[in-house]
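Residue numbers (full-length UniProt numbering), protein chains in the order written: chain L, 1 to 370; chain B, 1 to 370.
Quick caveat, the hints were computed from the structure, so don't treat them as lab data.
Values in this document were obtained by computation on a predicted structure and should not be read as measured data.
Partner residues aside, some chain L positions facing chain B, computed with beta carbon under 10 Å:
(1) LYS63
(2) LEU129
(3) THR254
(4) ALA263
In silico EDC-like cross-links for lysine to aspartate or glutamate, where the CA-CA straight-line distance does not exceed 16 Å:
(5) B:LYS63 to L:ASP53
(6) B:LYS360 to B:GLU332
(7) B:LYS82 to B:GLU95
(8) L:LYS84 to L:ASP220
(9) L:LYS60 to B:ASP53
(10) B:LYS360 to B:ASP291
(11) L:LYS63 to L:GLU74
(12) B:LYS60 to L:ASP53
(13) B:LYS250 to B:GLU95
(14) L:LYS181 to L:GLU150
(15) L:LYS250 to L:GLU95
(16) L:LYS63 to B:ASP53
Beta carbons are placed, not taken as given, at the ideal position from N, Cα and C, and that holds for glycine.
Number of protein chains: 2
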Amino acid sequence: MSQSTLEYILANRIQGLDTSAIRKAFELASTLKNPINLSIGQPHFPCPSNIIDAGCRALKDGKTAYTLTGGIPELKSALAEKYKSGNGISYATPERILVTSGISSAFLLLFNALLNEGDECLVVTPHFLMYPAYIKIYGGKMYSIHESFEPEALKEFANRKLKIIIYSSPSNPTGKILSRKQLEALADLAEKTGAYLISDEIYELFDYDKKFISVGSFYDKAITLSGFSKTYSMTGLRLSSILAPEPITKVLTTLQQYTLVCAPSVTQWMGLEALKTDMSSYISDYKEKRDFVFESLRDRYEINKSEGAFYFFIKIKEKDDDFIVRAVKEKELILVPGYIFTESKNYIRISFASEWENLKRGISALAELA
Amino acid sequence: MSQSTLEYILANRIQGLDTSAIRKAFELASTLKNPINLSIGQPHFPCPSNIIDAGCRALKDGKTAYTLTGGIPELKSALAEKYKSGNGISYATPERILVTSGISSAFLLLFNALLNEGDECLVVTPHFLMYPAYIKIYGGKMYSIHESFEPEALKEFANRKLKIIIYSSPSNPTGKILSRKQLEALADLAEKTGAYLISDEIYELFDYDKKFISVGSFYDKAITLSGFSKTYSMTGLRLSSILAPEPITKVLTTLQQYTLVCAPSVTQWMGLEALKTDMSSYISDYKEKRDFVFESLRDRYEINKSEGAFYFFIKIKEKDDDFIVRAVKEKELILVPGYIFTESKNYIRISFASEWENLKRGISALAELA
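Please work from the sequences and hints to get the whole structure.
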């Protein structure tokens, strides 16, 4: 039978999912001899050796079987402590926690469990590119509000039947950390509309000016997402957690049993060790890099100082797609186009999760492209 | 704010997902002092040490970052070879292969990508409990046909608009291996109706009488699922692969980018080593256990000789729920009720993936319960 005569009929929900934007940049990049890469969305440092050792120990101890669906009890207890002492979430208990396979799996469970076709969602923008993808997959309707919003600006959504409100703080792609006033306004809106408030805190440790606040510290219906991938440089190991009201955690756990089964067993033991690891020297390094990028580019570009994560979202004068092609051709510089994070076509995202040499080359190339 | 006043409104698609059956057995079991467990759905032997060592090497080599969405090229190439030489699938190429996080993730991607609300599915029954769960989540309609079917029996489905045909062979829960004639009939039906034919071959190596055939060896539109969990005792490490027509593999890869991102990196390197591992002594051990169970129970129960996997599906005279409660109370014996795999309430599933001592105690207890 010839493949070419086959008609592949796919489900409607995934029509139009597209990864071409980032792929295009990577394909272009793969043709370069000596590229400067400022596009990478993960830490440049290796996973700390005590965490690696914990993984080997778990393997040698035979921790290769299914774990409990919701995660190993040791990790859930340690996470409850972390949410309490690290995030000020006094009500955190193991029963409220689900351990899952990375933040993207957390989205999968949450949107799958919570969103019906036609439900309305509010996204703080510029936003992580997966939020609209999930809203699309599950047939929701998306509204957005800019991350610089004043609390009063939320009034226009107060009479909507919102189902989900979601943001990342610190933000991918801007590095913005939402203020307490903004978070309070979002929690109020969630309370008024009955929406689920999902706080994606995967970059929580990358908080250069001690501005980060967990909304869960004052709003007990918050759904708080916490990751290991970025914090401990273990993106490929697939580990994150969800802290939610207990009935939600139960439902998500059931859904996990039918989808992901459990987070990878060995990774869970590594996560337990990770929570004991002091990452402050890594954070200091990134703070220095954040300052360097800001000082180097502030006179050349319209740019807000990143407060967290490891990104700058930079305004450019031409179309983002054209700019990234020009950056590759003229400077062998790899960037991410802004349109995957926002409706504007006049931004690019850079990452300063990089060795100094690559970063310095990249930033001076970028300065010259202005 | 009080939790108890909250109304949690969930998406319709997950209403009624339920794990209470298996949980009930486990809860009962947790009260026992010296239980005999024949309920376990995973191998009792440890993951072979060369595979463990490969995991440690990968960790120490810093393989903790995201991999390519579809899997590391080394593993995809090795899998293509495995599908060719192990399964007789001559057209297997890396481009047709997606590496994902366990078979359940493969189902997640496939049903998500292929099934629209109202689409019809045919399931060979008794069936793995996740098939109906996924059909339910995505709003499909399920038909079933008993695994003992004659090819002519499929005629009644020939004019249906089937979207998915799915089975596991060797079967969980019965150990049945579908014959070549049956597989040909299923492939014909798929061809006639335009359905996707999904062959779940996670137990392929547990083939005690050399009866196993991959439908993909003669049907090039087959979607073949292959796992590492059961074969190499690495259920907690989350690794499997999908071999599909290239356009389908592309779509599933895009969907993976938005959901699972990639299979765990370290596990992928372990998978590469696993494919070089000779498991024949483990399989011989299970064959001996299979024979022992059959000989011990054939005069007490109506029972078909399991041909593969590590299960027997045993007919009982009372209701399965009552029987498993009686087994726990009278014999401290843990079983799985059959109703989660079939419409009949007169079966139980036992697993012989067990040490001899536990197995012998369990089988003699079971014989006494007849």
